[in-house]
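Engineer: These are the residues of each chain, in order.
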Amino acid sequence: MFEIQTTVYSIIIITLVIVALLFVINRKLKNVDPLSQPKGLVLLLMTAVQMVDKQVKEKTSDEISKYLTPYILSVTLYIFVANIAGLFSLEAPTSNYSVTLILAALTCVLIEVYSARARGAKKYVKSWFEPFAPFVLLNIISKLSTLLSLSLRLFGNILSGGILMSVIYQMLGSISKMIPMIGEFNLVSLAVTPVLHFYFDLFSGAMQAFIFMTLSISFIGKELPEEQ
Amino acid sequence: MEKALLGFAAALCVMAGCITGLMEGKVAIKAVESIGKNPDAASKIQSMAIIGAAISETCAIYCLLVAFLIIFILGA
Numbered sequence: 001m002f003e004i005q006t007t008v009y010s011i012i013i014i015t016l017v018i019v020a021l022l023f024v025i026n027r028k029l030k031n032v033d034p035l036s037q038p039k040g041l042v043l044l045l046m047t048a049v050q051m052v053d054k055q056v057k058e059k060t061s062d063e064i065s066k067y068l069t070p071y072i073l074s075v076t077l078y079i080f081v082a083n084i085a086g087l088f089s090l091e092a093p094t095s096n097y098s099v100t101l102i103l104a105a106l107t108c109v110l111i112e113v114y115s116a117r118a119r120g121a122k123k124y125v126k127s128w129f130e131p132f133a134p135f136v137l138l139n140i141i142s143k144l145s146t147l148l149s150l151s152l153r154l155f156g157n158i159l160s161g162g163i164l165m166s167v168i169y170q171m172l173g174s175i176s177k178m179i180p181m182i183g184e185f186n187l188v189s190l191a192v193t194p195v196l197h198f199y200f201d202l203f204s205g206a207m208q209a210f211i212f213m214t215l216s217i218s219f220i221g222k223e224l225p226e227e228q
Numbered sequence: 001m002e003k004a005l006l007g008f009a010a011a012l013c014v015m016a017g018c019i020t021g022l023m024e025g026k027v028a029i030k031a032v033e034s035i036g037k038n039p040d041a042a043s044k045i046q047s048m049a050i051i052g053a054a055i056s057e058t059c060a061i062y063c064l065l066v067a068f069l070i071i072f073i074l075g076a
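Protein chains in written order, with our numbering: chain G, 1 to 228; chain Y, 1 to 76.
Keep in mind that the hints are not guaranteed to be accurate.
As the list claims (entries may be wrong) - Computed cross-link-like contacts, EDC-like style, restricted to lysine to aspartate or glutamate with a CA-CA straight-line distance of at most 20 Å:
(1) G:54 / Y:40
(2) Y:44 / G:53
(3) G:59 / G:112
(4) G:54 / G:223
(5) Y:44 / G:3
(6) G:59 / G:223
(7) Y:44 / G:62
To be verified - Label pairs and their in silico Cβ distance ranges:
(8) Y:4 / G:62: 57 to 63 Å
(9) G:168 / Y:3: 19 to 25 Å
(10) Y:6 / G:70: 44 to 50 Å
(11) Y:73 / G:16: 21 to 27 Å
(12) G:195 / Y:2: 20 to 26 Å
(13) G:106 / Y:29: 18 to 24 Å
(14) Y:55 / G:171: 34 to 40 Å
(15) G:16 / Y:3: 37 to 43 Å
(16) G:29 / Y:29: 24 to 30 Å
(17) Y:4 / G:125: 49 to 55 Å
(18) Y:8 / G:163: 26 to 32 Å
(19) G:30 / Y:6: 53 to 59 Å
(20) Y:75 / G:28: 39 to 45 Å
(21) Y:36 / G:71: 18 to 24 Å
No lab work stands behind these hints: they were computed from the structure. Beta carbons are placed, not taken as given, at the ideal position from N, Cα and C, and that holds for glycine.
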């Protein structure tokens, strides 16, 4: 017997929401005249895509950015929406280690793929045994540490935020029980928690998504040969 | 008694975070200083600072991992 973890439901809900959102945006973008002045949502989307695209092009080449930018954008969007799930009283999917491990593993596979492509098969195999053969162990450990640090950073930050919020809710709940008449209604938390939600969910979530994006781009760019 | 000891061990593990926090603050200070000196290189300095902070954060993340292992595997 295995039980279903509660985060699975929020993963499904968030995936559906993102898919629906992208469908709506796609509809809207198809109707836009490409020669007209962009405004509103279209302008916002264009700015975001251009910002990420510029960053990817700076670190890698123009050719790679064509394939890398969509991946980076979709992962960042997913992480951001998953991190702010606490605002909609869902359990954040990124507080489940399997989710962050998969996201980090995807990035690590991409790092290896681009490294192999840039160097060619022979040099890529050789790069595992550098500077000489016994160092293969250290190289494996350093690749594993990338995976561990990428996944655990996201997981630890979001999990600790979620645990802290639930502890604060319990504490404020026991305080507001002292108020006569309406003790069962958690009145104190209404006054205190919005600021904390702003920090732990919105700010920390956006920050972690941004850091994951920057690190993915930089780690992939590090493996490519310098052309300038 | 044993549970209290395990909790104490986990708390000691996470204590490594205080030095990491201090030093990552130093990374941010230096990044801001060098952007002030040379604003043209801001994007390069920014990515370097984030990578440096991320790699030195690995140490604190290992400590977090050890604390998780103590709590969830030894304490379960």
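Engineer: Are there hints from earlier that the structure breaks, and if so, what are their numbers?
Structural biologist: When the structure is compared with the hints, numbers 5, 11, 12, 13, 16, 18, 20 and 21 turn out to be violated.
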